[in-house]
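*Asks:* Whenever a hint applies, use it, and build me the whole structure from the sequences.
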Amino acid sequence: MKNFFLSSITTPPKGSRSLAAQLGYCFAVIIVILIVISMTITSAYTKVLEQDRADSLQTTAVISALAVSNTTLQDGMQFPIPVSTYSNNGLLTNYIVNIYKNAGRSFLRVYTSAAAETVTADQVTLDGASNSYLKAFDQQEAVVVTRTDKTGSHVAGVAPVIGSEGTVSGLVEVMMPVSDFNSTRNGLSLSWIFTILSIAAALSIVYFEIHKLLTTMFGQPDRQLPKIIRYGLSGCQSIAFFSAMACSMPPLVISSYLLSSSNAGRLPAFMPAPVTVLLAGLLFALGFFGFNGLRHFFVRRFTTRISLIIAIFISFVLLLVSSLFSNVYLYLLLLLPTGFSLGMVFYFQREYRIYASRLGYEEFSERIIHTTQYTGYLLGACVGAVLAGIIYERFGLAAVSLICGCVLFIVGIQALLFVQHCPPSSSPPLHLPDFLYALLSKKSGTFIWSCVIATGIQVGFYFVFIPSFLNSAGLSLATISFYFILFSFVGSVLIRALLKLFPNRINMRGRIMLSSVLQTAGLLLMSFMPTARVLVITVVLMGAALGLHEFRYLDYYKEMIREDKHALAREILERGFAVGAVIGSIGYGALYLTDNIRLSLLLFTVIMTILLFAYPLISLLYTSSHPDGATHGSSDKDTQSPFEGYQDSVGYGSPQEQRNAEAPPTGHYYPGGYSGGEYPRETPYDAPREDSNQISYGQDQYNTYGRDVSEEGDRK
Amino acid sequence: MPFQVEQQTEPKSASAVLKIIVLALFAVVTAIVSVSFAANHLKSGFEKEYVVQVNLKTEQLSAACSRLISGDEISSDPAKSLERYASLLPAMLIDSGETNQSRKIYGLYAYTNGALTPLIQSSSTGLLAVETPVSDWLTTESNPYKIEKSGQTTVLTPIKDSQGKVVGLFELSSTYSFLSTFGNAVERRVLMSVLVAVAAGIGLFSLQFIIPEIIRITRQKGRRY
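These protein sequences, in sequence, are chains A and B.
Using our numbering, read the first sequence as starting at 1 and increasing by one per residue.
Using our numbering, read the second sequence as starting at 1 and increasing by one per residue.
What the hints contain is simulated information worked out from the structure, not anything from laboratory work.
Bear in mind that the values here come from a model prediction, so they are computed numbers and not experimental data.
The hints are all genuine.
Far from chain A by the CB rule (all over 10 Å, computed), these chain B residues:
| no. | residue |
| --- | --- |
| 1 | Asp72 |
| 2 | Leu82 |
| 3 | Glu83 |
| 4 | Ser123 |
| 5 | Tyr145 |
| 6 | Asn184 |
| 7 | Gln220 |
One side of the interface only, derived from the structure: several residues of chain A facing chain B at Cβ under 8 Å:
| no. | residue |
| --- | --- |
| 8 | Ile30 |
| 9 | Thr42 |
| 10 | Ala44 |
| 11 | Ser56 |
| 12 | Thr60 |
| 13 | Ile81 |
| 14 | Thr184 |
| 15 | Leu203 |
| 16 | His211 |
| 17 | Leu214 |
| 18 | Glu393 |
| 19 | Ser476 |
Rough simulated footprint, nothing fancy, chain B against chain A, three-plus residues with beta-carbon under 8 Å:
| no. | segment |
| --- | --- |
| 20 | 15-26 |
| 21 | 31-39 |
| 22 | 45-54 |
Don't be surprised by glycine CBs; every beta carbon is placed ideally from N, CA and C.
*Replies:* Okay, here's the thing in structure tokens:
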């Protein structure tokens, strides 16, 4: 024990132990500091509030005593003026007014404004009174005292009543419960504790990410690897983190900025605040998720890295201009191009993912990169939400834009350093008729609507609904980070751990069904009880629902469509997600157009339920109508659609079904052939990566098979 | 995992120093920003709560006082009413001493021929009734008219006689200009305390790295002699 103690003193912590100590210290110190200052400020202001409440009690008692002066104090008398009220946590509550008649060295109550059920018919003497009552009576002065009787503790303003003879005949007591006297709406409330926790967590996360960024920057890259992956997944995750951090800040402050502009009278009369928020959300979503053709053009014209740098510079300028002029019209006008420029940062990462996954390294498969980036996005959004809330509330919109721009410049530097070579992907263009055709397909189209578009819609929940909701509930924008952290924890930690603990227990259809149930339950709960506390449950359910897919939709979708359409699969799902996000920004923004949030949210939930359950229901109907496992592809009607495939009967993750799938059903079109020898396999996702890489990314299969040719020479 | 760059080599001393400086600066800046936000958030929340409370108090006191003022007295004999209310109003609207920092000021006016004549004014500054257009407070409903300025809430309550005719005006203002000064002082004090706490925290935290170095150097010197 002595040796251990000595060694821990003589050996400084190193490596991950040192980092863990720093993070723990950072988290604990921030929490302690924030709690201590909250308590200090709360106690200082509570004292000020109490002083004013005492003044109210005293003045009201004096006025009440003057109102009953020159009258005879007797049982059954009426109080001549209405009983005054005070504000108790936003609710108006009546003071309790008692009038006492002097009876020797005691006082008899002759009137009370207390509720009838708490008043007895018997004569009541003043109970629990201190000498201050006698002093008020004898010296004819108004006092504020605390009195405890069988009904509880009260703070009372006491004033003497001057009778018709010019002498003191009794006392008027105006009182309120001690709990109301000491209470405050602010201070260490539950929502504030949530906010403190999320601030501490977010700052620890960003500390960790900066530490990781510096370590990656100062570390030696593996020069044996292709340029794009030399800095490993750390570099990739770091870019994802900082880009999500920067890109989440502008959309989160939209509603706060526009609502404060509305309160300041800077919005035109014909444009109510909810309409403006809806319009702003739509413009940003359209810019951020739309215009893929234009992005593709820029990337091809300037290369991915240069177009990223240009986009970052333009975003910075646009953000700064829109915030410095503080003009709502200009702000709205610039949201679309700002969204587009910020969307380029994510488009760059998509290109990175596609290119890096094509190199054929197991550690850089598309799902691993996507999961790594997703983790970065979630963490970045959590930190971005805290920073947006803190900076906007304290320093205003211009500071948010400035910080966002600075973080974007860090992303630019990271991109130049970590991604030294990233040619644009050569996906075939997805024309609108093709996309519509894909959406209209009976089963695969329904899958897109139920899973991909619905997931996109839920982006609106986090970036449009929650900020507006917190604003309407009077909570700080920084509190949003708590919900983001909760979502990330449930979706990326809890659900992922459960799926790893119980692998192959639930197939893809089951996951989709479960996801639909959880999302619907969350939305229903929220529509019945739209409070910040219920939002916690909704976010937990949403997090669980949206963490179930594990980025397997693309593989699953490919199994549903014909193989010659595989090249379009990614584009279709991406566009579906983008369409969903735009619909979500409209849908969730429209909820605030009416005053009754319950009703509008309930209607929205009904629509979402239909959308979410469409695919599971169609799936069930299909299975029940083909009990022998024959697929829908065998029907004449379905084979007319090029997006309907042949893999309907494959159970994703279901070992029994996979064992049976040794040969494809007859009567189907298999342009890519069937590698029957590869079945059975553990899961359908364990198929050789080369196959999917070769076809699905729209590359020329002769020069991009497995690895990028341009990298070969570099490696040699 | 050959791709985890951070595991490959230990950073050199120069980069390690740079890393420590950047991280320490970041920790200090974020701590200050988060504390500044928290202090400001709480301050603005409490200020809003205080203003709501003072507004309600002013409205309630003004309503109660105006019920005790007789409109008939003001219209029939302004001189007598001046004498009566000059002693009554100060007794009703006392400021509760040094503990409470908000102050009450009031005025009583006779309203004749479309103009206000001051009867009683507790302060020569801060009263707004005379400079407020009559049309603002003289409405058909004769409801109290509230004016909110920075650090002050004023309620103008029309006084009616027994015929229901408006014959006077009672003005009650609560001033709370101390609030912003108080808030700024609290915020400044908290920020200073946090600066000291963070600096001390970093110092204490670095002890775990400094002490082993000192022990190592001491041991090396001990072996040398």
